[in-house]
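> If you want the building blocks of each chain, they are given just below.
There are 2 protein chains.
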Amino acid sequence: MTDPLKPGSTIGILGGGQLGRMLSVAASRLGFKTCVFEPGGDCPASHVANFHLQAGFDDEAALIAFAESVDAITFEFENIPTAALDVLEAHRPIRPGRDALRISQDRLTEKEWLEGLGLKVAPFAPVDDMQGLTSALDRIGSPAILKTRRFGYDGKGQARIAADTDAEAALEAMNGAPAILEGMVDFSKEISVIGTRGLDGRVACFDPGENQHEGGILRRTTVPASVSHGVATDAVLIASRILTALDYVGVLGVELFVTPGGLLVNEIAPRVHNSGHWTQNGCMVDQFEQHIRAVAGWPLGDGSRHSDVVMENLIGDDMDRLPAISAEGRAALHLYGKGEARPGRKMGHVNRISG
Amino acid sequence: MTDPLKPGSTIGILGGGQLGRMLSVAASRLGFKTCVFEPGGDCPASHVANFHLQAGFDDEAALIAFAESVDAITFEFENIPTAALDVLEAHRPIRPGRDALRISQDRLTEKEWLEGLGLKVAPFAPVDDMQGLTSALDRIGSPAILKTRRFGYDGKGQARIAADTDAEAALEAMNGAPAILEGMVDFSKEISVIGTRGLDGRVACFDPGENQHEGGILRRTTVPASVSHGVATDAVLIASRILTALDYVGVLGVELFVTPGGLLVNEIAPRVHNSGHWTQNGCMVDQFEQHIRAVAGWPLGDGSRHSDVVMENLIGDDMDRLPAISAEGRAALHLYGKGEARPGRKMGHVNRISG
Numbered sequence: 001m002t003d004p005l006k007p008g009s010t011i012g013i014l015g016g017g018q019l020g021r022m023l024s025v026a027a028s029r030l031g032f033k034t035c036v037f038e039p040g041g042d043c044p045a046s047h048v049a050n051f052h053l054q055a056g057f058d059d060e061a062a063l064i065a066f067a068e069s070v071d072a073i074t075f076e077f078e079n080i081p082t083a084a085l086d087v088l089e090a091h092r093p094i095r096p097g098r099d100a101l102r103i104s105q106d107r108l109t110e111k112e113w114l115e116g117l118g119l120k121v122a123p124f125a126p127v128d129d130m131q132g133l134t135s136a137l138d139r140i141g142s143p144a145i146l147k148t149r150r151f152g153y154d155g156k157g158q159a160r161i162a163a164d165t166d167a168e169a170a171l172e173a174m175n176g177a178p179a180i181l182e183g184m185v186d187f188s189k190e191i192s193v194i195g196t197r198g199l200d201g202r203v204a205c206f207d208p209g210e211n212q213h214e215g216g217i218l219r220r221t222t223v224p225a226s227v228s229h230g231v232a233t234d235a236v237l238i239a240s241r242i243l244t245a246l247d248y249v250g251v252l253g254v255e256l257f258v259t260p261g262g263l264l265v266n267e268i269a270p271r272v273h274n275s276g277h278w279t280q281n282g283c284m285v286d287q288f289e290q291h292i293r294a295v296a297g298w299p300l301g302d303g304s305r306h307s308d309v310v311m312e313n314l315i316g317d318d319m320d321r322l323p324a325i326s327a328e329g330r331a332a333l334h335l336y337g338k339g340e341a342r343p344g345r346k347m348g349h350v351n352r353i354s355g
Numbered sequence: 001m002t003d004p005l006k007p008g009s010t011i012g013i014l015g016g017g018q019l020g021r022m023l024s025v026a027a028s029r030l031g032f033k034t035c036v037f038e039p040g041g042d043c044p045a046s047h048v049a050n051f052h053l054q055a056g057f058d059d060e061a062a063l064i065a066f067a068e069s070v071d072a073i074t075f076e077f078e079n080i081p082t083a084a085l086d087v088l089e090a091h092r093p094i095r096p097g098r099d100a101l102r103i104s105q106d107r108l109t110e111k112e113w114l115e116g117l118g119l120k121v122a123p124f125a126p127v128d129d130m131q132g133l134t135s136a137l138d139r140i141g142s143p144a145i146l147k148t149r150r151f152g153y154d155g156k157g158q159a160r161i162a163a164d165t166d167a168e169a170a171l172e173a174m175n176g177a178p179a180i181l182e183g184m185v186d187f188s189k190e191i192s193v194i195g196t197r198g199l200d201g202r203v204a205c206f207d208p209g210e211n212q213h214e215g216g217i218l219r220r221t222t223v224p225a226s227v228s229h230g231v232a233t234d235a236v237l238i239a240s241r242i243l244t245a246l247d248y249v250g251v252l253g254v255e256l257f258v259t260p261g262g263l264l265v266n267e268i269a270p271r272v273h274n275s276g277h278w279t280q281n282g283c284m285v286d287q288f289e290q291h292i293r294a295v296a297g298w299p300l301g302d303g304s305r306h307s308d309v310v311m312e313n314l315i316g317d318d319m320d321r322l323p324a325i326s327a328e329g330r331a332a333l334h335l336y337g338k339g340e341a342r343p344g345r346k347m348g349h350v351n352r353i354s355g
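Protein chains in written order, with UniProt numbering: chain A, 1 to 355; chain B, 1 to 355.
Note that these hints are calculated values from the structure, not bench results. Here the structure is a predicted model, which is why all the values come from computation and not from measurement. Careful, some of the hints might be misleading.
To be verified - Pairs of lysine to aspartate or glutamate, EDC-like flavour, derived with a Cα cap of 20 angstroms: (1) B:Lys6 <-> A:Asp86; (2) B:Lys6 <-> B:Asp71; (3) A:Lys6 <-> B:Asp42; (4) A:Lys6 <-> B:Glu328; (5) B:Lys6 <-> A:Asp320.
Produce the complete structure using the sequences and hints provided.
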């Protein structure tokens, strides 16, 4: 176990979107500086980072300069090229570690790994071609969802197969990428647990939140989730088990389906998670600070919930409602500093407390 | 009344200390960028600002470049040279305005102005030389405190006169600067009100906090203050009256003495205030965001208190206690990113919630 980072140390963040932005702010609260590595200019995280290194993930010299300018490295998205990680890891610790990234970068690997841990997941089968899809549909049945194994987010890279006649179109939508067929699950709701594991192995989970999606994008997270105490406890135990099995350091998001037969793991995200944004106004220490504490080797903070919260994402032209939202009582606004409010683009969120 | 600033606009902040740092973070939450004007390098605010313009307040070209790069200007300290303000104001609005600065920069002007408003203050008299001090002591009596009229903070520029024999030493401690003699007030406690006035003239005040000082430096603020409902209401009314009389825009800190004869105004600070740091963990919208909202011409946020809080400053070698403090429950840590923990230097604070 290494020494905790001292205030004044620099934490390197791969990726400069809104998650990197809110991680930077949390790092500043603990006296850390941040350096953001992000190919795009004027990115959300750059506005609050001490330094923005603008370079591509294939720029080895830039990666080395970045690694040498920081004391520990973390990331805000899981699809970081393996070659970049190899370069970085030779110079500074990456937290969470490579295992979590390797597993969560590929839906097939992830589902197999979760099953190996004894956790329930939706029925699935790998699909590389039409023949594979046909036999997968035979086994799993339809309706089902065909998803690219890698690089999917916010419903992108997914195609629904309602009847077998949709199969060809769905496969074409994968653009030749390796895919996975997932059976539809009869679930009453989706919940998620934001868990953190410290460098010392201690685990702390925030209360489970209940998620509503629209058009494949998270719309709203409500805490507490309206599930029984037993279900909430199970969800936290599952998240803890995943964190420990991965020898994980940092925050991990675990999405779960509540079904008549118990909880199914939908997916895991090895990073701070949109469904954990409510913690900013429901807890003394939010998911961003928990992550920074873990990455810095600090003790985890107190993430117990002091208020009921409904988090609503502000997507695309939701921004037109800004004048009204900014005047609301019992509401806290969080904007990401993005320019154009394109359809489907996450521009910010609002946390409303109710208890 | 001008239009509210749109997200993506830049707010210029004069001064790069911890107050500028926390203002920058609050600005980012609302989607604003910040540019910090500060002569010192590696200052606390620079770590989270979009841009740090490092130049002196006598550098006219830099002041103009700064003003032209931002949409509105605010400040984190009141002792900004008048000549610099003249340059800036020709290019962009400064909020709060010049009147509040002019009055609060000079203890004598401030006390006279407060008296003119019908508010009670401690007995006072201007002191320019030994003759003036002698006649002031005749009028006010001792013990009393001799203070420089300008540039005092955290107990600096003050000398206590217990008996007339201390007078000469006290005057020498002023280093020839114009001074003011203030009579000692028989007060049971000091409280403060953090009030905000929007560009639309609306006023919102946070709950009064109770302050404890050590060695002339704020040590602890407790909310709610243990005063009667009537005293709390009076305090808020006094703050509101000051805000309105100044046609103020932004956050103002008002320190008050609770005495048997009612509330006395100790001093006002035309900026976010150390005794308002508790709002970060006691309210949905804290003093920093209220200030940014006002400066940006936005509606004020909901500053109602959801928790009881004790804010403790971390000063100098209090930082040695960091390992223990960082592991506390029901506590939120806020560090300022300063290097050396010199005696008397404010390094951070911790908010502890208790209700």
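> Hint by hint, which ones does this structure get wrong, listed from lowest number up?
Failing hint: just 1.
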